[in-house]
Every structure is written in C-alpha cells, then in structure tokens.
Amino acid sequence: MGPYRSHPVFPPMLKAPSTLPTGRAVPAAIAKPRPGRYWITRLREDAFGYALLAPALLVILGLNLYPTICGFLTSFTDQSLLNPNTWNWVGLTNYVKLFNDSVFRLSFAHSLELTFIAVALQVILGLGVAHLLIQKVPGIHFFRSVGMITWVLPIITSVVMFRFITLPNAGFVNILLRTVGLGSFARNWFGDPGWAFALVLIMHLWRNIPFYAISFMAAMQAIPVDLYEAARIDGASAWKQFWHITLPNLRYIMLVMVVLHVTFTLNNFDFVFLSTGGGPVNATEVLATYIYKQAWNGYALGYSSAGGVVMLLVLVLAVFLCRKLIGGMDAK
Amino acid sequence: MRFPLIFVYSSNIMRIRFPLTCLVAIGLVSTAASVFSKDIDLWFIPMSTDGPQKPGLLQWAKENFPKDLPKGVAVANNYGPPVYQDAQQKFIVQGRRGKPDVIEGVLEGMIAFQKAGLIAPLNDEFDKWADKDQFVPSTLKALTINGKLYGVPYNTNVRVLLYRKDLLQKYGLQPPKTWDDLVQAAATISAKESGVAGLGLTTKSGSVRTFQEFISFFFQVNGGENPFKLDEKTQKWSVNTTPEKLGQVLQLYEDFYFKGSPSAANQNTRGNDYQATDTDYYSGKSAMVPMGPWIYANRTTGDVARKILEENTGVTALPLPPGGTQATYLEVKPIMLNAASKDKGNAWEVIKTLGSKEFVAMDNKLEGVNPPRKDVAELPDFKNDWWQQAFTAQLPTGVALAPVNWGLVVNDMTEALQKVIYKNKSAQDTGKELYNALQQRVQNNQL
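The listed protein sequences correspond, in order, to chains A and B.
Quick note on numbering: my numbering labels position 142 of the first sequence as 142, and the sequence is numbered without any gaps.
Quick note on numbering: my numbering labels position 22 of the second sequence as 22, and the sequence is numbered without any gaps.
Mixed in with the good hints, there may be bad ones.
Pairwise CB distance ranges, derived in the manner of DEER restraints [said to hold, decoys possible]:
no.	chain 1	residue 1	chain 2	residue 2	range
1	B	Pro-262	A	Trp-239	16 to 24 Å
2	A	Gly-71	B	Glu-378	52 to 60 Å
3	B	Thr-234	A	Gly-183	56 to 64 Å
4	A	Thr-68	B	Gln-85	23 to 31 Å
5	A	Phe-72	B	Thr-234	33 to 41 Å
6	A	Leu-227	B	Gln-94	53 to 61 Å
7	B	Lys-165	A	Leu-112	49 to 57 Å
8	B	Val-93	A	Val-59	16 to 24 Å
9	B	Asp-381	A	Thr-93	52 to 60 Å
10	B	Ala-76	A	Gln-221	51 to 59 Å
11	B	Asn-445	A	Gly-62	33 to 41 Å
12	B	Lys-233	A	Phe-116	48 to 56 Å
When the alpha-carbon atoms are kept at most 30 Å apart in a straight line, the in silico DSBU-like pairs for lysine-lysine are as follows [said to hold, decoys possible]:
no.	chain 1	residue 1	chain 2	residue 2
13	B	Lys-423	A	Lys-97
14	B	Lys-432	A	Lys-97
15	B	Lys-229	A	Lys-97
16	B	Lys-67	A	Lys-97
17	B	Lys-67	B	Lys-374
18	A	Lys-97	B	Lys-374
19	A	Lys-240	A	Lys-136
20	B	Lys-115	A	Lys-97
21	A	Lys-97	B	Lys-90
Derived by calculation from the structure, the hints in this document are not laboratory data.
The C-beta atom is built at its ideal place from N, Cα and C for all residues, glycine as well.
So that you can see chain A by itself, here it is in the shape it has in the complex (with noise of 0.2 Å):
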C-alpha cells in the first residue's frame, strides 16, 4: 500500500488498532469497518486511473501486443506472403526446420556474439570517454557536442561511409596503407570473410560509444562531491574511488543503457544488411537479415515468424539477465 493513499478504512490484511495514539478508543465504525467497503472503495479509486490509462493501454496492446501474439501463432503455421490467405497448422515443424538450419545456427551465435562484445565494449569505452569528457578543460563542451554526431547520423550514412573508406581501390584506409608501405594489408574489408565480422563490431561502437559516454557523464556529475573528498581523506586511491562511488552510482543508468543496446544490438539489420547482406559466406549472417531473407525472399511467413519468436525469447532472456547483473550491484 503506498503512502498516497488515504483510504478510509484499514485494508482487510492489516488489523485495526483498538485506541488511538491519545489513549482513546477507536471508534467502532473505523475498528470495525463493513465488510467489502475496503474493496468498494479501492475500485471506485483505481477505476478513475485506469480510465486515465485505458487509450494509452490500448494503442500498446494494439501495436505491441496484438502483432507479438499474431507473430506466435503465425510461427505454427505454413502461411506464405504470396498466399496469405491459405495456410496449414504445422505445429512445431518450422521450429525443427529452423533448429536443423546450419546457417540460422550459425546467425543466432553470430547475434549473441556480437551483442555480447558490442555491448561490454561499449560500456566500458563509454565509461572512459566519459571519464574524459568529464574533465574541465578549455573546449570539452565542443568535444562533448561533437562526440554525438555519430550517434545521430542516419545509420545508412555511416555504412555508406564505411564502405567508401574501406573500397579495396578507391577506399581511403587501402590508399592510406599503400601511401605508408603497408600495400600488403590492403583488402576489401567487409568482403573479407577474417575482417567483415570485426568491422560490423566497430561499426557498431562508432556510433554507440559517444551516446554511452554522455549518458554517464551526465551521471557522474550528479555524483555528491562528498563522497570523494571523504574516500580521499580516507586513503582510498583513484581506482577504489572509481570502483566504490562511482560505478556503484552508475548502476542505474547503466542498466538502461545496456537493457537498451542489448536490444538494440540484437535486433540490429540495418549494419549488417546494407554493408555485407550477411556475407561473405554468412560470415556476418545474424538473426535479423537471415529472418529478413526467409521472409522476403523465401515469403516464408510462418518460418520466418518462427524465428522472430526465437528472436524475441532470446531478447526477453537477455534482457532479464542483464538486470539480475546490474541489479546484482545494488544488493551489494
């Protein structure tokens, strides 16, 4: 029970005191209140909030919930894009096929590696760019109002400009190591099947580590000065400082920031799908193009679905952990 309430009488699980903190008996209507007046009320109260809340409810059940559960059952069936209106129940058929599927394997590994290493590189190189960004020196608010500017271009633009800065003629990267005599590493980065991997990783934290950044910046600045100068006077060295008031004070901001890349990352097709369509040799292949692919190559519409169900039970599983993790802090 929240302290903004003011019911009138006591809720039925907690026993009425018999007098008053005066000394005086409790009036009998209060001690002993009608039956099912506690509920009468509370209802008469939350059905007023609810009311309040019913539209937006409902545009969330309509665009969330309505499509998720269509998704599922779709998934159970052979429905295709091309016929959607003849379909066959096929229990868990596509849920074997796609098990049995060495490239979706391949693309659910490939989601929760790069989700995995984006994610914890990107926590830990947003905390040291902020812990640079936070330092008062003349111009950091022009670095501060630059460092974003990756993470606001459209994400088209950054891999068109990847692209262009890795052409294995044209590209500056390749022109760069010809011009220093390092002509040997030259190579069409993202058809590289060693390098495509590593280069949709990078592109990844070129956009997010900068957003990571101010966002903890922001936090770290609402930290009490106290707490420092009290750690300081009491001996403990800048690591300690770090590890005992400031990480501790960022858990909250860091949990969103990761809940939010976590699916961000792995929900992601725009990296992959526009620089290396999956390639080469699904060396990049995740779970969103290969779905992509089954989808609107193959109109597979219940296979596909299918694998947006194992998509989204992945993210709901993910999700979860990392706030048992960052959670885990508090309780600490």
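Please build the complex by placing chain B on the supplied structure of chain A, with the hints as guidance.
Leaving out everything else, chain B in the frame of chain A:
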C-alpha cells in the same frame, strides 16, 4: 473600454486554436481527398519524388499525362517508393486493397506478384492496342506466364563484356571469345598493367548483380536454358541442370581469382558491390567487366571516365565455354496492372501512355538502356548510337528468368559462388552442394 480577463484569455487561445484547427481541417480534407480520389495511383520507381528521380521523366509526366489520358483522369503525383525492393514488399502487403493501380517493376518482382495473384493479365487490352506489333517478341515472351501477358515492357538490356580496347591492343590481345581466353587475357593485363585488374566482378552477398553475372555464365553452360523446367502435364517444376554444369561455372569463378599469379580478378576485390565494380571500370582500375548499358551514364563524372567509356571501351558478347551456347541474362522492366484496381480501364490508359513510343524513347535515352519497341530502336538517337547498337545486337541472346520464386535460389547461388572464391570448398564439391540445394527448393515447393 477594458474586456474582462476571461475574454482576453479566450482570444489568446483562439489565436493558437484557429491556425491549429485550420491545419487539422486541411489534414482531414487532404486525407479524405486521397481516400476518395479518382486519380490513378502509379508507382513508377525512377519517377519517385522520394528518391533521386530523373527530372526529365517527371517533366514528361507533368506535361503528357494531362494530354494523353482521357478527360477527368489524372495520375497521383508521388509515384511510390524510390527503391524496387521497397516497392515490391509494399505492393505484396497492400496490393490487394487496389492501390497502386499501376506498378512498374523488375521481372523477378512481376513473377512474385503473379504468384500472389496481385496483377491482372493484359492480353485482351494488349491485343486491341494498335501499338502491339511494335514490341520486340522476346521482351513480351519474358513477361508471359502460362500464356498470359502480365506486363508491358518499357525498358530492356542484356549483360555483355566491356573491355578496354587500348589495354588489349597494348598487350597484343584480342577481345576474348572463350572462357579460357578471358581468364588468360585478364591475367595478362593484371600482370603487366600496374594497378589494373584484368577483370572486375560483383560478388557481394545480397547484391542482385552477383546473381545476374553468375546466371549469365550459367545460361551459356546450360544451353541457354533456365535451371528449372516446368512439366506442362503435371505443372510441376524440376531441376534442369546437372552438378557438373554448376561446377563448371563455379570453376570459372575459381579460375578468375586463383589461376595465374596475379590472377585475372583481384582477390582483394572479392565481395565487391556493384558500385565498386562500376567505379573500378570507369576509373581505370579494371580492364574488362560483365556489364549492362547503364554504365555509359557515368561518362559525365569526369575526364577519365569519359575517355574510358567514349573512346577506349569495346563491347562484345560474353565469352563462351567449350561447347557452350551464346546466352546472357535478359532484363526486362514491365508496367503492370493491379488485379484489384477499381479503375482498370483508366489504369490501362496510363499503361499505354507509359508504353508509348514517345515515353519509351525519352526514358530509354535518359537511362541509357535498350528499347523494347522496334519503332524506338529505329529512331536516329538509337540507330546512330554505337553504344545502343552494340547492346541491341546482343538482345536476341538474352534469356529471361523462368517464372519461379528466385529469392532463395539467388541466396543459394551467391553462397555457392562465395564458398568457391573464398576457398571454403572446391568448385566441383560446391557444384554438387548447389545442385542438392536446388533439388531441395523443388521438393519443398519453395519455387
């Protein structure tokens, strides 16, 4: 006289509310107008106002639609999404609602629309059209499925081999006629001309050009036939090739990248997208390239490109394998009629306008592609243009794709090709694997 405060307050609110009300009203009226509009909704990707449309096309539409269409019929003027893939996906999802009435697209898209029952056959209207005999039969055949015509062609082209005349002459080479000639000539140029690869190819996953180049070489090995064949009696598709033939094409790709030192094609360009393939050729980084006519438009990008494309480029048919058939990928762009259109009569009038001699001539000249109309091909702009003539000469060797769902087959072929050029597997083993994958597509009814 002073107004009570409440009036001042209300007049302030009115100041904000009035323009807001006007905006909402305008929004409602325009939405209602678009819903109840009698305009023909046309999706014509090169005209799309959401993308880098060609100004000449829009200007033509603006001037000629009001003139050519029956009185009271107008065309909605945003022309749909700017990308074929995007338009195709949207049409599959919303086409059954009747909008757009007319859609322009690519052959692979038309096949999908036909399978989905989204487009109407045009035989009745087409047969009554006075211009029907002006269309090149092979382009009409490409748009015919089960004896029914599903689109009017307005734009066509084939893949040929472009070569640098100056470089071949410099090293005493002839334009290649066979696959072996091609590999050897390209390897010679790679070895002797610093900074130039003998051959440029597109091999990126998901790039439609990767498939178009592969299938062009495949058609030559497969007697100019598609990899799938329809049994007329059972109306079932079967695989119409062998693991050996697929292996032969894959072996060609292996030779391009690994035969000779240096090889015909630069290994560092594996995974190139079509933009890189085009840029490499007209910037002088590659000496030969399988290509369509559109690259000629790049001659205006600079002096190097102009000199290469206008003065130093030769055009020849794609080289042949031993015992092969002269064949190549034929691209035909159709204009289609939505089967659910509520105004099919006027929609057909729009199709006729877009298939007219005037429009086809203007569009084909602007895009640098070949005319599917005989009367347009006879115009001086086309007849006296060496580039147009070089490509038009190869049109009879063009093979249109069979009416199957190519989406997953394209993935299979690209993956097989990449396995070979990245040395994951031998060409012959990959040929067998690809053959099995195609068989699977047939057995699983995925075509």
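Going down the list of hints, with the structure as the test:
1. Between Pro-262 of chain B and Trp-239 of chain A, the C-beta spacing of about 53 Å breaks the proposed range 16 to 24 Å.
2. Between Gly-71 of chain A and Glu-378 of chain B the beta carbon distance is about 55 Å. The supplied range of 52 to 60 Å therefore holds.
3. Separation of Thr-234 of chain B from Gly-183 of chain A is about 58 Å and conforms to the stated range, judged on CB atoms against 56 to 64 Å.
4. The hint said 23 to 31 Å for the Cβ distance between Thr-68 of chain A and Gln-85 of chain B, and at roughly 26 Å that hint holds.
5. A hinted range of 33 to 41 Å for the beta carbons of Phe-72 of chain A and Thr-234 of chain B is consistent with their spacing of about 37 Å.
6. Range check, Leu-227 of chain A to Gln-94 of chain B: about 58 Å between beta-carbon atoms, so the 53 to 61 Å window is met.
7. In this structure the supplied range 49 to 57 Å holds for Lys-165 of chain B paired with Leu-112 of chain A, their Cβ-Cβ distance being about 53 Å.
8. At about 22 Å, the CB distance of Val-93 of chain B to Val-59 of chain A agrees with the hint of 16 to 24 Å.
9. Our hint of 52 to 60 Å for Asp-381 of chain B and Thr-93 of chain A holds, since their Cβ atoms are close to 57 Å apart.
10. For Ala-76 of chain B and Gln-221 of chain A, the hinted distance range of 51 to 59 Å is satisfied, since their beta carbons lie about 53 Å from each other.
11. At about 35 Å, the CB distance of Asn-445 of chain B to Gly-62 of chain A agrees with the hint of 33 to 41 Å.
12. The beta-carbon spacing between Lys-233 of chain B and Phe-116 of chain A, approximately 55 Å, falls within the hinted interval of 48 to 56 Å.
13. With a CA separation close to 28 Å, the supplied pair Lys-423 of chain B and Lys-97 of chain A stays within the 30 Å bound.
14. Using a Cα cut-off of 30 Å, the hinted pair Lys-432 of chain B and Lys-97 of chain A holds, with the two alpha carbons roughly 22 Å apart.
15. A hinted pair counts as satisfied when its Cα atoms are at most 30 Å apart, and Lys-229 of chain B with Lys-97 of chain A qualifies at roughly 27 Å.
16. Between Lys-67 of chain B and Lys-97 of chain A, the direct Cα distance comes to roughly 56 Å. Violation of the 30 Å bound is thereby established for this hinted pair.
17. Under the criterion of a C-alpha separation no larger than 30 Å, the hint pairing Lys-67 of chain B with Lys-374 of chain B is consistent with the structure, at around 24 Å.
18. For the hint linking Lys-97 of chain A to Lys-374 of chain B, the alpha-carbon distance of about 50 Å lies beyond 30 Å, and the restraint is violated.
19. Under the criterion of a C-alpha separation no larger than 30 Å, the hint pairing Lys-240 of chain A with Lys-136 of chain A is consistent with the structure, at around 22 Å.
20. The straight-line distance between the Cα atoms of Lys-115 of chain B and Lys-97 of chain A is roughly 24 Å, inside the 30 Å bound, and the hint therefore holds.
21. Taking the CA atoms of Lys-97 of chain A and Lys-90 of chain B, the gap is near 28 Å; set against the 30 Å cutoff, the hint holds.
In this structure, the earlier hints numbered 1, 16 and 18 are contradicted, and the remaining ones agree with it.
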